[in-house]
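**Student:** Given only the sequences and the hints, what does the whole structure look like? Please build it.
As numbered in UniProt numbering, residues 1 to 276 make up the sequence shown, in order.
If a hint is listed, it holds; no wrong ones were tucked in.
Estimated spans, in silico, between C-beta atoms of each pair: (1) V190 <-> A231: 34 to 44 Å; (2) T140 <-> H168: 32 to 42 Å; (3) P193 <-> W171: 34 to 44 Å; (4) D196 <-> G68: 21 to 31 Å; (5) W208 <-> E134: 18 to 28 Å.
Quick caveat, the hints were computed from the structure, so don't treat them as lab data.
Here the structure is a predicted model, which means the values were calculated and not measured.
Each residue gets a CB set at the ideal place from its N, CA and C atoms; glycine is no exception.
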Amino acid sequence: MIRSLLIRGMIAGLVAGLIGFAFARGFGETSVARAIAFEEQHEHAEAAHPHDHGDAELVSRDTQAGLGLLTGVAVFGTALGGLFSLVFAFAYGRLGPLRARGTSALLALFGFVSVAIVPFLKYPPNPPAVGNPETIGPRTALFFGMVAISIAAAVFAVRLQRRIQARHGAWNAALIAGATYIVVVVIAQVALPAVDEVPADFSASLLWNFRLAAIGIQALIWTTLGLVFSALAARELERPVLRSVGLFFLVLWRRDARAVRRRARVSPHRPVSGTS
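**Tutor:** See the structure below:
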C-alpha cells in the first residue's frame, strides 16, 4: 500500500507543480522581470565602466522563465507529493474518524500553515534585485531553520492534543494544542534575527506583488496537492471497503433468493389444511 500511495502522491504533486507553474508564469514573472530591470539599472549607474557587463549570462532569461521554472516547480511538486504521501500513510487512521479525503485535506492545511505561512511571516521571499548575494547562505539557513521549528512545533501540538483529549475533551484539547503551537512559533520568530535588505528606493508595490504571488503559488500547490491526492487515495483505500460491503449484501440477497425459491418448490406438495 505504501508504494501505491507514494506513486499517487508523486502524481498529485506533479499536477500541483504544473498548476503552480501556470500561476507563477502568469502572475509572478511580471514582478521578477521588473525587479531584474531595477537591478540592471542600478548596476549600470554604479559601474565605473558602463560597457563592462561582467560575466556573461550562462542561461538566458527566457530559458529561466520557461523551461527552468517549469523543471524546478515540477520537481519540487513531485518531491513534495512523495513526502506528503508518506506522512499521510503514517497519519491515516490516527486522526480520529477522518477517512482518506478528510485526512488528506487536514494534512494539506497543516502543511500550508507550518511549511509556507509561518516561515513566510518571518522571512518572506524577495525578488532578484533584493538582498546581498554574500548573505544568501545565512538567509537560507535561517529560513529552513524556521521551517524546521514550525514543523516540529506542529508535530508536538498534534501529539499533545491526542494525549490530553481524553481528559479535557476534543475541542479544549485542540484549543490548547493550537495555542501551544502559536506560542512556540512566536517565540522562535522573536528569537531569530531579522533580515531586512530591501533597498530604500525599491518599489513597495513591486515587492508586495512579488510576495503575494509567491504565497499564492504555495497556496495553490498545497490546495491542489490535498485535493488531487485525496481523490487518488480514496480510490485506493476506500474502494476495497465499498466492494466488501457490496459483496456482503450481494451474498445476503442471493441467500434469501435461494431460500425463497426453495420454499416455492416445496409449497405445492404441502397438504391443504381443512380438506377431508
